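Undergrad: Each chain, letter by letter, is given below.
Protein chains: 2
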Amino acid sequence: MTSDRAVVITIGNEILSGKTVNTNASYISKKLGETGIKTVRSISVGDERLDIQWAVKEACSSADIIICTGGLGPTWDDISKRTVSEYFGRSIKLDREQLRIVEEKFRALGYEKMPENNITQAEIPEGAVVFPNSRGTAPGLLIIDGSTHFFMLPGVPSEMKGLMPEQIIPYLQKTLQKQEIFLFRTIRTTGINESLLAELLHPVLGNLDDPEVAFLPNPYGVDVGLTTKGKNNEEILQKVRRIEEDILKIVSKYIYGYDDDTMESIVGFLLKKLDLSLSTAESCTGGLIGDRITAVPGSSEYFDRGVITYSNQSKIDLLDVDPSTLEEKGAVSEEIARQMAEGIRKKSGCDISIATTGIAGPSGGSPEKPVGLVYIALADKFGTVVHKLHFRGERTRIKQQTTQAALNLIRLRLNDKNLYSD
Amino acid sequence: MTSDRAVVITIGNEILSGKTVNTNASYISKKLGETGIKTVRSISVGDERLDIQWAVKEACSSADIIICTGGLGPTWDDISKRTVSEYFGRSIKLDREQLRIVEEKFRALGYEKMPENNITQAEIPEGAVVFPNSRGTAPGLLIIDGSTHFFMLPGVPSEMKGLMPEQIIPYLQKTLQKQEIFLFRTIRTTGINESLLAELLHPVLGNLDDPEVAFLPNPYGVDVGLTTKGKNNEEILQKVRRIEEDILKIVSKYIYGYDDDTMESIVGFLLKKLDLSLSTAESCTGGLIGDRITAVPGSSEYFDRGVITYSNQSKIDLLDVDPSTLEEKGAVSEEIARQMAEGIRKKSGCDISIATTGIAGPSGGSPEKPVGLVYIALADKFGTVVHKLHFRGERTRIKQQTTQAALNLIRLRLNDKNLYSD
Numbered sequence: 001m002t003s004d005r006a007v008v009i010t011i012g013n014e015i016l017s018g019k020t021v022n023t024n025a026s027y028i029s030k031k032l033g034e035t036g037i038k039t040v041r042s043i044s045v046g047d048e049r050l051d052i053q054w055a056v057k058e059a060c061s062s063a064d065i066i067i068c069t070g071g072l073g074p075t076w077d078d079i080s081k082r083t084v085s086e087y088f089g090r091s092i093k094l095d096r097e098q099l100r101i102v103e104e105k106f107r108a109l110g111y112e113k114m115p116e117n118n119i120t121q122a123e124i125p126e127g128a129v130v131f132p133n134s135r136g137t138a139p140g141l142l143i144i145d146g147s148t149h150f151f152m153l154p155g156v157p158s159e160m161k162g163l164m165p166e167q168i169i170p171y172l173q174k175t176l177q178k179q180e181i182f183l184f185r186t187i188r189t190t191g192i193n194e195s196l197l198a199e200l201l202h203p204v205l206g207n208l209d210d211p212e213v214a215f216l217p218n219p220y221g222v223d224v225g226l227t228t229k230g231k232n233n234e235e236i237l238q239k240v241r242r243i244e245e246d247i248l249k250i251v252s253k254y255i256y257g258y259d260d261d262t263m264e265s266i267v268g269f270l271l272k273k274l275d276l277s278l279s280t281a282e283s284c285t286g287g288l289i290g291d292r293i294t295a296v297p298g299s300s301e302y303f304d305r306g307v308i309t310y311s312n313q314s315k316i317d318l319l320d321v322d323p324s325t326l327e328e329k330g331a332v333s334e335e336i337a338r339q340m341a342e343g344i345r346k347k348s349g350c351d352i353s354i355a356t357t358g359i360a361g362p363s364g365g366s367p368e369k370p371v372g373l374v375y376i377a378l379a380d381k382f383g384t385v386v387h388k389l390h391f392r393g394e395r396t397r398i399k400q401q402t403t404q405a406a407l408n409l410i411r412l413r414l415n416d417k418n419l420y421s422d
Numbered sequence: 001m002t003s004d005r006a007v008v009i010t011i012g013n014e015i016l017s018g019k020t021v022n023t024n025a026s027y028i029s030k031k032l033g034e035t036g037i038k039t040v041r042s043i044s045v046g047d048e049r050l051d052i053q054w055a056v057k058e059a060c061s062s063a064d065i066i067i068c069t070g071g072l073g074p075t076w077d078d079i080s081k082r083t084v085s086e087y088f089g090r091s092i093k094l095d096r097e098q099l100r101i102v103e104e105k106f107r108a109l110g111y112e113k114m115p116e117n118n119i120t121q122a123e124i125p126e127g128a129v130v131f132p133n134s135r136g137t138a139p140g141l142l143i144i145d146g147s148t149h150f151f152m153l154p155g156v157p158s159e160m161k162g163l164m165p166e167q168i169i170p171y172l173q174k175t176l177q178k179q180e181i182f183l184f185r186t187i188r189t190t191g192i193n194e195s196l197l198a199e200l201l202h203p204v205l206g207n208l209d210d211p212e213v214a215f216l217p218n219p220y221g222v223d224v225g226l227t228t229k230g231k232n233n234e235e236i237l238q239k240v241r242r243i244e245e246d247i248l249k250i251v252s253k254y255i256y257g258y259d260d261d262t263m264e265s266i267v268g269f270l271l272k273k274l275d276l277s278l279s280t281a282e283s284c285t286g287g288l289i290g291d292r293i294t295a296v297p298g299s300s301e302y303f304d305r306g307v308i309t310y311s312n313q314s315k316i317d318l319l320d321v322d323p324s325t326l327e328e329k330g331a332v333s334e335e336i337a338r339q340m341a342e343g344i345r346k347k348s349g350c351d352i353s354i355a356t357t358g359i360a361g362p363s364g365g366s367p368e369k370p371v372g373l374v375y376i377a378l379a380d381k382f383g384t385v386v387h388k389l390h391f392r393g394e395r396t397r398i399k400q401q402t403t404q405a406a407l408n409l410i411r412l413r414l415n416d417k418n419l420y421s422d
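Order-wise, the sequence lines are chains A and B. Quick note: the first sequence, position 211, residue 211 per this note's numbering, numbers continuous. Quick note: the second sequence, position 333, residue 333 per this note's numbering, numbers continuous.
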């Protein structure tokens, strides 16, 4: 086996009906990719003999490595093992050693006797390699047929996620004589839309074959994905770094992080580095800024408190917002955003404070103040800045975009070398 | 078009590499299923001409309805439209009307000029039906070729999720002469694990063929999915209702809602019905309760305010928590949870208040107070109740489970007929 192409097959009616989101396929592809194996197709079919046969045939004609999950359970609708074995002309036999293992697992779970149905999980296709499953009763199986390596794994995500890194990947690494290693780099941007970003980066990325480039929009911005491969780490790192430098020259102000960075982890990192404390006053975002900040382990080191001031009265009580300004300008206004940020900063004694007020919709909009209108204010010892923004989309999207812009405002402020220096 | 079989094609390197979980495929299959159209295959390929051609060919030979997403963006890696049109022998032409629409969308976003790249989004395959996209610039497209109906939708989930229910499903319903109707019923439970739920329901569901039953664990509990079909609404409703009654008899106390209900929408409904106001005091959940409550449109009618008291000082300042109790018992304790709930209730003047304090991890645990230990308190005019809970999993999972238990505590309290009556 020298191929570096794979097909992933996920079997199960619950996937085809849309009841279950297919996280197995993405997990497997990711693990394969890290090993330098590219998934060229991902196919899902239901627990139907003809559909499984079709998928197996298509997979085998597209790649030498096939990873198939689902249908290894103990019930009558689990027909994957039988159908795949049939395809490869292998008989299925009860394996004594495997039976002993399955029975022992049931005893360990406190059962007196293994349920009759589970005997099928001790049946092994002729000549198959068996991979022990530490988290369940169905082992992983591998049928080798010429250059084809057909792996069967249980569909229960926790069991599959045990077998892949513990058994399958090491097996593939050992068996494959890998010539190349892969690098995936993600450059995370916010505050710029996909097409403008692509237009700005076209001179650099437009005619690029290697690395491969992808633009990946998400609720918090647009990620630029770079994929490359090479003979050694040095070579591929150099290749990616050259492109990264070119990208940075053009759009650095939109880039907030790389790979697994999140905006909240970056903001946390900066606050910690500068030894600053943070407090929040949220209206339209309803607590989502606080939720995102506290998603970062160790955030209690810099996040002191937040208030969610949904009613007008709560803005007066908790932030000393001026009732007459509320009356005159309305809760969604530059003035109120400013008073909210300054209010929470004063009350909390924190170094830096952020506030949001806006109209998340779907109702509550007017011609002067439409749904999606948002004010974000930041207060620190250098003063207060207020940004007026207009977002589109549903309530949840508007909340998400507002929190991203608010956290980004903190990031940009802390990165301003005229104000904060290391 | 009379077929009730569909193939879903999702195109994108980010899906094949596993970077993006394929939520589009499950969403589309779910929507099709609700219309009585069964997805027989789901295929993902990368942004490669040959792979897309293969997927289109396979799909067209398996079903009359094909829904394809991805690769309609404005950048050079978006080749789906071109490749699919080529397959069907259709030329692509700039559509003046479509260009006007795309340009207008950019003007509405405040751009002086549409980025050059976006011109491609106004190009339409010969003879294609165009479905306006209210949330983005790439319209949905339909190529009809004999009995084949090939739909192309943008891959951005929010845009696809606009087009499917607003445009594609109504079109299919009108075009299809449907013989059978499907019913999907989801019964949402929380506070009980999957295997115990399955065990309790085995007498009712164990040997059931129709409806089909599925247990679907998610961060907020376990959903029981029932699927059935029939000739008319009456018939299938009766079938499902009978089963539902049996399920209710056994596990009613764990059921919080049905179908698209969320815990936060149910709590909102009850608060509105009883005309009660709510405030929150969050420590370990960091604002996620507030975020969930305010995810419900119209929540400002009952949600007054919340505080995120992450530091000890903030608990003293904002909730009048007793410093000596903090010193003696620690922030994660029954006493502090009680004082937090009572404190925010008193300060806000709300009818009902909820508070959380716990150890979300990964650090901060001890043998006496391990990671996952959580106290939830509810205060109302009838008194204060405190629940001690222990959750497992990562930081985010612990936060999610805590918010679910907190909201559920409100739900159960408001449903207590000895306290609150309609």
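By construction, these hints were calculated from the structure, which means they are not laboratory data. Quick caveat: nothing in here was measured; it's all calculated off a predicted structure. Honestly, I wouldn't trust all of these hints.
Using 27 Å as the maximum straight-line C-alpha spacing, the simulated BS3-like pairs for lysine-lysine come out as follows [what the hints assert, rightly or not]:
# : chain 1 : residue 1 : chain 2 : residue 2
1 : B       : Lys30     : A       : Lys30
2 : B       : Lys346    : A       : Lys19
3 : B       : Lys31     : A       : Lys38
4 : A       : Lys31     : B       : Lys19
5 : A       : Lys231    : A       : Lys174
6 : A       : Lys174    : A       : Lys30
7 : A       : Lys253    : B       : Lys19
8 : A       : Lys161    : A       : Lys174
9 : B       : Lys369    : B       : Lys417
Interface residues of chain B toward chain A, partial, derived using beta-carbon atoms under 10 Å [unchecked claim]:
#  : residue
10 : Pro115
11 : Cys284
12 : Asp322
13 : Pro323
14 : Thr325
15 : Leu326
Negatives, chain A to chain B, calculated, CB over 10 Å [said to hold, decoys possible]:
#  : residue
16 : Asn233
17 : Lys249
18 : Lys273
Positions of the beta carbon are idealized from the N, C-alpha and C atoms, including for glycine.
Undergrad: Hint numbers the structure violates, sorted upward?
TA: 2, 3, 9, 12, 13, 14, 15
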